[in-house]
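Now for the letters of each chain:
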Amino acid sequence: MLSFRFAVRLLLIALITGLTVPQFAAADVREDIAAVLKVDHQARNIDLARQGVENLQKSGIDALLPILNGLEDANPLAANYLRNAFETVASDAVANGQKLPVEDLLNFVRRTKNRDIARRLAFEWIRKVEPEQAEELIPNFLGDPSAELRREAVARLLKEAEQMEPNNPGRQSRYLQALSGASDDDQVKKIVAALKDLDVEVNVQEHYGFLNTWHLIGPFDNRDKKGFDVVYPPENEINLEAEYEGQLGPVRWQQLQTDDPYGLLNIATDFGPYKGAVVYAYSEFESEYDQPVELRLATPNAWKIWLNDELVFEREEYHRGTFFDQYRVPARLKPGKNKILIKVLQNEQDDSWAQVYQIQFRICQPNGMALQPAGKE
Amino acid sequence: MRYFLCLMLLALSTVAQADDWLQFRGTSSPGVVQGPELPESFDQIAWTADLDGRGSSSPIIVGDKVFVTGCEGPRQDRLTVTCFAEADGKQLWKREFWATGRTVCHQKMSVATPTPASDGERIYASYSSNDVACLDLEGNLLWYRGLTYDFPNVSNSLGMSSSVIVKDGTVVCMAENDTQSMTFGLNADDGTTKWQLDRPRGANWTSPIAWPGEESIVLLQSSKGVTAIEPATGKTVWEYLDGAATIPSLTAVNGLVIVPSHGLTALKPGVSDTTVPEIVWQASQLSPSTPSPVVTENYAYVINGAGVLSCGDLSDGKRVWQCRMSGKFSATPLISGDRLYAINEQGNAQVVQLTPEGGEVLNSHEFGETVLATPSAADGAIYVRSDNHLWKIK
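Heads up: the protein sequence lines correspond to chains P and S, in order. The first sequence begins at 1 in our numbering and counts up by one. The second sequence begins at 1 in our numbering and counts up by one.
So here's chain P without its partners, still in its complex pose:
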């Protein structure tokens, strides 16, 4: 329900300008969303955002679709302000017995060009108020750009396969279908295990797009953890024929390939169990297009990554665990050859668990699906 003050505000504006209330309400909603979108780092424009959210919360269900559309251009902070406005409006409406604009929400979800987080939000509210209609959408999500919506379709297929008799030939096709949309590792692991039971081997390395061929050089000095900001020669040039003075004598690039299903490149066992050391790993990736990607790295060691000679991120943390897709760094590939250089640093801790020296790396679409290099089927 409109607040009294808000209603008076609309009425006065309408009387003065001769416009109808709905037209002006729509304009106000757009202005309020624009105000929210201005919030940014360090709470910049926070007053505008707060006022915008407060107004949106009073705007009623007509604001729901504009809020979803507003999410298209929202930075991560503004997105949360808009989400809260959406949820308060929607929950108030439901509590007051109002019907949400389900048809509009369904159309919003179906349009895959809309932003993934906004589509997911709309889907959740459809599921709350019209669960059957939400369920009908799910089979279409298997190839969806949204990882969260794809997950729904994969889960549905997994459930169907698990409910089939063991000798039903449909099980294998269900699992293979599910694999085609799976990028969350808990789901992939389930599918791979089920297919293995059906004598179908999955190339997990290829499924995720792990880089498996690397050139390594080192060790360079990182005693007392002083090597993080030291610029060793590979940071200035990539010359795979060059020889440099390393920590323990001259060093040259060596090629290593990993067969590990999860693309694990074990520096400690396959290159050297160096301590207080810097090792550089270099690889290349052919991209068909200029495209946004995520560089996904897992390592318990400190690291820096350069893409095409540009430092994209660095982190000086040692032995705080390593997890699948531990770091997700947004980046942009150029068409043709892209150069990836990773500086991997080991400290001098002598605990048994601190001997791990490894990386796992993939370049994927921002939604987590593998990106195959150009020219590869």
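Only pairs whose alpha carbons sit at most 25 angstroms apart, straight line, appear in this in silico SDA-like list of lysine to any residue:
id	chain 1	residue 1	chain 2	residue 2
1	P	K128	S	D387
2	S	K94	P	A95
3	P	K304	S	G202
No wet-lab data here; the hints were simulated from the structure.
Chain P is fixed; fit chain S onto it per the hints.
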């Protein structure tokens, strides 16, 4: 007239009460219940509410509402605040946010490990991703900060657990880690940064506390020791630099700061040199593991890694007695009257009778689920949460 009556009722229902539980380990003396005594056992379950996703933060209780944070989704990147009616456990509202910082963490932890805080009017919910959301008691978002969004290397791959506190209009957020280690003082009204401190580099899972005395001071613990700061400015008042643990948190009572340092160390603010505190005693036999120490008027209690409860004399730190409990503990216990309430990681809740001569486990209750969160208490009731449930015991 009806409008004013409604306003009055609304105000009465939301104003914080003296025995509210507004932050991690409670509002006044950490872990010590000041209000009505708690039930004699955990068996007396008044209601159970379902929770989604994961979370090891403590519930907080403001007036007639219980607030619980959580995280959902395969990457735990959906951050939640859920509000329940204290009377019957009915869910009143739930709000969700998208994490703006990293959400990887050790499988034992979750992104919703830090406990939210309240000043009685607003909820300040923080997460391992270093997102901080401020909501009113009705679930309306007042401000939102992404500290890792602002400073991308403020994170810890094992997860972060420091709970926020709010003191004199400042929300103190410790986001201390190996790489970009910082503590922030945010304006409680609008979330803007009042101050930010570069802090010792090193993973730190401890939580700040407010000095219970008249001076407005907040105490920060790190591997380097303890720093007392003014919450309004972040300015250092005094420092203890002899090292401290990075998991169990300090507490304060009777003018003493009890720090997990060399076992336990008791400090009191310096007199001749006010920038250096005086060490009253150090007790290597009182060494807490993950649960923080709980200190009453006369005794300090710690639980070690083997589940042994030790009682030390607050006057000199000497160990008085030990009592073996069952299991391994992550949650900090509560003390109410002469009873200690502890829940082990397997969800076995034990009530220990405390006397000057020894401790005795009086009874136990199986929750049947992993419990890592420190319980909370208000108005004679205990609140316990797991990933899946919130229980009120009264």
